[in-house]
Each structure stands twice: as structure tokens, then as C-alpha cells.
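Just need the whole structure built from these sequences, with the hints factored in.
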Amino acid sequence: MKVEDQLSLILSKLDEQSKGISEGNRRITDVHASIEDLKAAKDDFERWRPQVDTKVADLTDCVDSLCHQIDELKSTTASPAAPPVFSDAVFVFTKTPAPTHQGASSSQAAFGPCGHGVAHCHRRVGSGVGVTLEPPPVKGEPPTPPISPHGHASHHFNSCCGHHNFSHNLPQLDFPKFNGSNPKLWIKQCESYFDLYYITPENWVKLGTINFTGTAACWMQTIELNLRHCPGDILCHNHTPFEVLYGHSPRHFGIDPDQDCIVPELDKWLLQRQTVNELLHQQLLRAQQRQKNQADKHRTERQFEVGDKVWLKLQPYAQASVTSRTCHMLSYRYFGPYEVEAKVGTVAYKLKLPPQSSIHPVFHVSLLKKGEMSQYESKPPKEALRPKGPGSPTLESLAQTGKRRTIQAQLRLENYLKFYKAIRKAYPDIQIISNCDGSSQPLHHPADLYDVHIYSNASYVFQMKSMFDRTSRKGPKVFVSEYAVNELKDAGNGSLLASLAEAAFLIGVEKNSDIVQMASYAPLFVNNNQPGWKWIPDAIVFNSWQQYGTPSYWMQTFFCESSGAEFHPVKITSRYSDSLAASAITWRDTDISFLRVKIVNFGPHAVNLTIRAHQLRAAVDARGSRVTVLTSSDVKHENSFRNPHNVVPVTRGLPNAGEGLARSLLVYFIRLSSGGVRTCGRDVK
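Under this note's numbering, residues 6 to 690 are what the sequence shown spells out, in order.
These aren't lab readings, by the way, just hints derived from the structure by calculation.
Careful, some of the hints might be misleading.
Derived pair list, reagent style DSBU-like, types lysine-lysine, alpha-carbon separation capped at 35 Å [claimed, not checked]: (1) K576 x K641; (2) K375 x K357; (3) K430 x K482; (4) K318 x K189; (5) K302 x K44; (6) K426 x K357; (7) K479 x K430; (8) K273 x K318; (9) K374 x K357; (10) K273 x K24; (11) K302 x K375; (12) K297 x K314; (13) K479 x K375; (14) K297 x K318; (15) K318 x K423.
Computed from a prediction, not measured in an experiment: that's the story for all the values here.
Okay, structure coming up:
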């Protein structure tokens with residue numbers, strides 16, 4: 006090996022030893038600093054330890070004296086004492102933890118099951134030491150005198166109270182009551198109650214009568230049961246109220262003043278707590294970073310300048326003052342466009358809202374988008390409106406003569422035909438519905454179905470029972486997508502009158518089922534907690550925990566077997582036929598065929614009718630026949646959360662059912678008669 010290599014090896018080892026010496030010196034310096042800190046902590050501990058010992062000794066003397074007098078009173082008692090009665094209890098609450106008696110930790114004695122300070126009142130069955138329970142003072146009456154124990158031990162109680170600077174001047178207002186359900190709220194009310202009288206925290210004594218109700222009553226019963234079988238000496242020396250109630254000692258993190266404690270124990274305990282806190286801090290940072298990463302995925306880089314027009318996205322509760330709409334079911338998601346007045350910070354903008362708006366004009370950028378014209382709002386090309394030759398009408402002349410609407414309709418029809426052909430070619434099984442009404446005149450464009458809406462008063466909807474009798478059977482079918490009685494004077498919140506008119510209309514739909522392919526009541530549900538969005542009427546009304554069906558809902562149950570059934574012609578012969586509507590259907594269930602006759606009496610007169618069924622291939626089985634009636638004493642009666650079954654169908658047997666049946670029709674009602682016809686495999690005609 007060369008000399009240079011040996012010298013390099015020696016120098017590297019010397020450098021390593023020099024670094025080790027430097028590290029050792031640094032560690033020695035840290036050790037000296039730790040020793041100085043430990044000495045300072047020991048001095049602090051030596052200063053406050055005698056004070057704690059003095060307070061513990063004073064309280065121990067008081068407790069021993071009380072226990073001694075309790076034993077004397079127990080020995081002098083000749084007859085058994087009555088068991089204690091716990092209807093109320095008095096607790097003493099302090100701002101700082103009180104010192105404990107012998108054998109219990111400070112956290113055990115200072116804090117009760119509710120998390121607040123408790124001065125323990127030891128009590129034995131049959132003793133003369135107790136607590137008088139008084140109701141809270143009533144307005145106009147003198148305040149309740151301070152509560153203190155009775156008997157020979159009162160001077161010990163007074164000395165203990167004087168040692169802790171308890172005040173005996175109580176406010177005259179009612180002390181907050183506690184039912185055991187929310188201790189933290191009750192503690193906050195107590196603090197506000199005593200802060201009202203400017204009592205300083207050093208002399209703050211919380212003394213009040215707790216009227217136990219609810220779960221707190223169970224606590225008192227448990228304490229009373231345990232105290233009945235608990236000897237007084239054990240109660241006074243070894244158990245706290247928390248242990249009497251729950252049967253175990255509470256968890257606490259601290260140093261027991263009754264045991265020897267040195268500084269390393271304290272340092273070890275603090276080190277454990279610091280380790281736990283650091284671990285929690287790391288976990289919280291990881292969770293925060295994950296949430297930030299997810300939020301950054303939806304972050305937008307939109308920027309706006311002052312004077313730009315933007316669309317504003319509003320929640321339903323904030324839309325009322327910005328725009329006025331009678332129907333909120335199909336309200337817009339974006340409103341505006343509004344002008345940007347100023348930029349607030351880096352991600353918010355102030356908008357120029359309408360004068361009547363009552364919402365804050367500053368919004369986050371995520372609620373805004375540039376106020377550009379939508380692709381669905383593009384204007385028609387100018388070539389479509391350009392004159393085709395001399396004498397052709399100009400755009401101004403068309404606008405003056407009212408023909409602009411015709412040109413726009415022609416443009417929309419051309420777009421519709423493009424969509425119709427493309428959809429029909431790609432998806433031949435899809436049925437296309439036109440929103441143009443073709444019940445009165447033929448459609449001028451192809452479609453599989455056309456849409457019809459029926460909304461009016463009860464009389465008009467009842468007359469619509471014959472709406473489709475004269476509708477052409479050549480062409481598209483009918484889809485009654487919405488029907489209901491919606492005028493407030495007839496509909497209310499869902500009245501019997503509205504259901505009668507709608508039932509007659511459905512009978513007409515059932516009669517013309519060859520042309521009417523579908524029908525739906527609108528709307529079906531409504532949330533009663535959103536009155537601004539409520540549509541009158543609705544089939545089912547609900548809130549967060551209950552629901553009910555309106556008469557219109559129960560009316561629709563009469564038509565639940567109509568789909569797929571066979572309709573039979575019905576002839577009504579009566580002078581009140583204008584206020585009557587009837588239908589008859591049959592359907593099959595296994596080996597039984599059913600005949601169902603529905604009759605609606607919309608008039609104010611009672612009608613006697615005879616129902617005759619012709620050409621039945623089997624006899625009517627009276628045992629399986631029944632009649633269902635939907636009526637009420639008042640045509641304006643409704644259902645509600647308070648009375649959900651005010652207007653509901655009532656079903657009973659029909660023992661005299663046959664091919665001829667005489668029935669009396671009440672005023673304003675729906676009657677459904679259903680009979681079972683056993684056919685032995687043959688159809689009912």
C-alpha cells in the first residue's frame with residue numbers, strides 16, 4: 006500500500022472521531038439542559054405540593070368529623086329510619102376542581118357523571134344529615150334561603166364553604182332545569198345565569214335545584230337503589246357518587262395527590278400524551294390533504310372582468326327574491342345574466358342583482374359562468390327570412406302582419422323532422438311523442454303519440470269524459486300525460502269533488518282505451534315541508550315522518566285492474582244521466598273471471614238504478630261479490646295529517662249480487678261493484 010493511501014485512511018478515521026466527539030458534546034449539552042429543566046420542574050412541584058396537602062388534610066378532617074357524628078347518630082337511633090326519597094337533588098358546582106377525600110383521585114371527586122364539578126354530600130339511611138330540596142323561586146316570591154345540612158354537623162359544612170369562598174346570596178330568578186339529556190347545554194345555561202349577576206370566576210358558586218326528568222330520573226332511581234344497600238362507612242370513605250351510579254371509577258389522566266409522585270413520572274406521562282397528539286396531528290394532516298386533492302379536481306380556472314355578463318346558479322330558497330314564478334317545479338338552474346360590479350378577493354365576485362332581490366350580491370366563482378348565448382337559443386339564419394323575388398314580403402311586413410310566428414313554426418317543424426327521421430332510423434322501437442294536441446284536428450307532422458294536458462275546474466273535467474268519443478282513430482295514439490282538477494275553489498288540498506270529476510274523466514279514458522294508450526295523474530308526490538313548491542292538488546302528501554293519500558289517490562285505486570281488461574258497453578237510462586258516468590270491465594284471474602262496474606254520481610241528487618248484465622256465460626257468485634264506495638257528508642271534505650282517513654273507500658259484501666241488481670246511488674259518490682263469476686275455463690261475454 007502506498008504512503009499516500011495510508012495517510013488518507015488515517016485522516017478519514019480522524020475526521021470520523023472528530024465528528025463523534027462533536028456529537029457527544031452536543032448530547033452532553035442537551036443532557037445538562039434537561040437536568041436544569043428537571044430541577045426547575047422539581048422546584049415548582051415542591052412549591053405547590055404543600056398547598057395541595059394542606060387542602061386535602063382540611064377536607065379529610067371535615068369528612069372524618071362528619072363520619073364520626075353520623076356514627077354517633079346511628080348508634081343513638083332506636084327505631085329503623087325511613088328510606089331516603091330522591092325526588093330532586095342539590096349539587097354544588099365550582100369553577101376549579103375541589104380537593105378530594107382520602108382514597109379518591111382529584112378527577113374522581115371533582116367531576117361528576119355530567120362532566121362538571123360536584124361537591125360530594127355523603128348520606129346514610131336514618132342519619133340526621135341531609136339536604137333540603139326546594140323548588141326554584143317563583144316570580145314575585147322572596148328568594149329561597151341558602152341550602153345547608155342540618156344537625157350538629159352544620160358548622161363543619163359552613164367552615165368548608167368558607168374555606169372555598171362560597172357565596173350564600175343567590176339570585177332570585179329560576180335556575181336552569183336539567184333533564185339529563187344534554188349536560189353540556191345545561192352547564193352553558195348555568196354559566197350564563199351566574200354571569201348575569203357579575204360573579205367573578207374566583208368566587209363563582211353554582212348552586213341550583215335540579216328537577217330530574219327523563220333519563221335523569223333513571224339516574225336517581227339507580228343511586229337510590231344502591232344507597233339503600235350501601236353501608237355508610239363504605240359510602241363515605243371508598244365511593245364517590247360517580248361510582249355509586251355507574252359501579253366503577255371514572256377514567257382520569259393526572260397525578261394522584263395522595264401518592265408519591267416524582268418528576269420523571271410526570272415527564273413520562275407528558276411524553277405519552279405528546280406522542281398521541283403528534284399521531285393525531287399527522288392523521289389530521291393526511292385527511293386534510295386527501296380532502297384538498299378531491300376538492301382540487303373540481304376547481305375551476307374561470308376569470309371574469311368588471312362589466313362582464315355572467316349566469317348565476319341559485320338554490321331554491323334564494324330564488325324567490327330574484328325572480329317571480331307561479332310554478333317552482335320547473336324553475337331554472339341559472340339566472341341572469343347579471344353584470345359583474347367588482348371582484349372580491351381571488352375567488353368571489355359582486356354582481357348587480359335586481360333591486361327587489363334580498364340576497365347577498367357576492368358569490369363564489371363556482372356559481373358563475375360566462376353569459377354567452379346558449380346553442381339552443383341561436384337565431385334562425387337570415388337566408389330563411391330573405392325575400393325570394395319581387396313582391397315577396399319583407400321581414401318588417403311579416404312582423405307587422407303577424408306572420409313571424411308562422412315562419413318560426415316552419416323552422417321548428419323542419420328541425421323536428423330531422424330529429425324524427427334520425428331517431429326513427431337509429432332506434433325504430435322508440436315511440437316518439439309530440440307535444441301538439443291532435444284531439445281536435447289532425448297533426449301536420451308524423452308521431453306515434455301526442456300529448457294532452459287536462460287542467461281546469463271540476464265541472465269542466467267531468468264534461469271531458471266524452472272528450473275522445475269523436476277523436477279520429479287514424480293517426481297517432483293519445484297520451485294524457487297530466488290531468489287534474491286544479492282550480493282552488495274546487496280542488497282545495499285534494500277534495501272529494503275533484504276526485505269525482507277525475508273519476509268520470511278516467512271512465513271516458515277507459516271507454517276510449519283503443520285510442521288513449523296512457524294516462525297519468527299529475528303530480529303524484531308533494532313535500533309538505535316546502536309550501537312554496539306545492540302544486541294544488543297532489544295524490545300523495547308527505548313530510549319527514551308521515552304521509553297520506555288524497556281522495557284523488559284513493560279514486561285511482563278503482564282503476565288498478567283496468568290495464569289489460571276487456572271493456573263492455575254501458576247504457577244509462579235516467580233523467581240524471583248528465584251527472585252520471587259508468588263503465589264495465591271484465592278480467593280473468595286463474596279460473597275466475599271478474600265483472601267490475603264503476604258508477605260516478607257527480608250531481609246533488611240521489612239516484613236509484615238497476616244494474617243489469619246481459620249475455621253472461623256463467624252465474625254471478627254472490628259470495629265473492631262486494632261493493633266499494635268513496636263518499637263523504639261534504640263534497641269539499643279532504644284528508645290531512647291529522648285525519649288521513651276522512652275520505653277513503655269503504656268495502657262491504659254484496660250478498661244479493663246477480664244479473665239484475667237494484668242499488669241506490671248517494672249524492673256525490675263513486676260506487677264500485679265487483680262480482681266473481683266462475684266460468685270453468687269459459688270467458689265472460
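Hints and how they fare:
1. With a C-alpha separation of about 30 Å, the suggested pairing of K576 with K641 holds against the 35 Å cut-off.
2. A hinted pair counts as satisfied when its Cα atoms are at most 35 Å apart, and K375 with K357 qualifies at roughly 15 Å.
3. Taking the CA atoms of K430 and K482, the gap is near 21 Å; set against the 35 Å cutoff, the hint holds.
4. For the hint pairing K318 with K189, the CA-to-CA distance comes to about 39 Å; that exceeds 35 Å, so the pair is violated.
5. A distance of roughly 54 Å separates the Cα atoms of K302 and K44; the hinted pair therefore is violated under the 35 Å criterion.
6. Taking the CA atoms of K426 and K357, the gap is about 45 Å. The hint is violated against a cut of 35 Å.
7. Proposed proximity of K479 and K430 is supported: the alpha carbons are some 23 Å apart, at most 35 Å.
8. Only pairs whose Cα atoms come within 35 Å are accepted, and K273 paired with K318 is rejected, the gap being roughly 57 Å.
9. A distance of roughly 15 Å separates the Cα atoms of K374 and K357; the hinted pair therefore holds under the 35 Å criterion.
10. Restraint check for K273 and K24: satisfied, since their Cα atoms lie roughly 31 Å apart, inside the 35 Å limit.
11. Using a Cα cut-off of 35 Å, the hinted pair K302 and K375 holds, with the two alpha carbons roughly 20 Å apart.
12. Simply put, K297 and K314 have alpha-carbon atoms about 30 Å apart, close enough for the 35 Å limit, and the pair holds.
13. Distance hint between K479 and K375 is unfulfilled; the C-alpha atoms sit about 49 Å from each other, more than 35 Å.
14. Under the criterion of a C-alpha separation no larger than 35 Å, the hint pairing K297 with K318 is consistent with the structure, at around 23 Å.
15. A hinted pair counts as satisfied when its Cα atoms are at most 35 Å apart, and K318 with K423 qualifies at roughly 33 Å.
When held up to the earlier numbered hints, the structure conflicts with 4, 5, 6, 8, 13 and fits the remainder.
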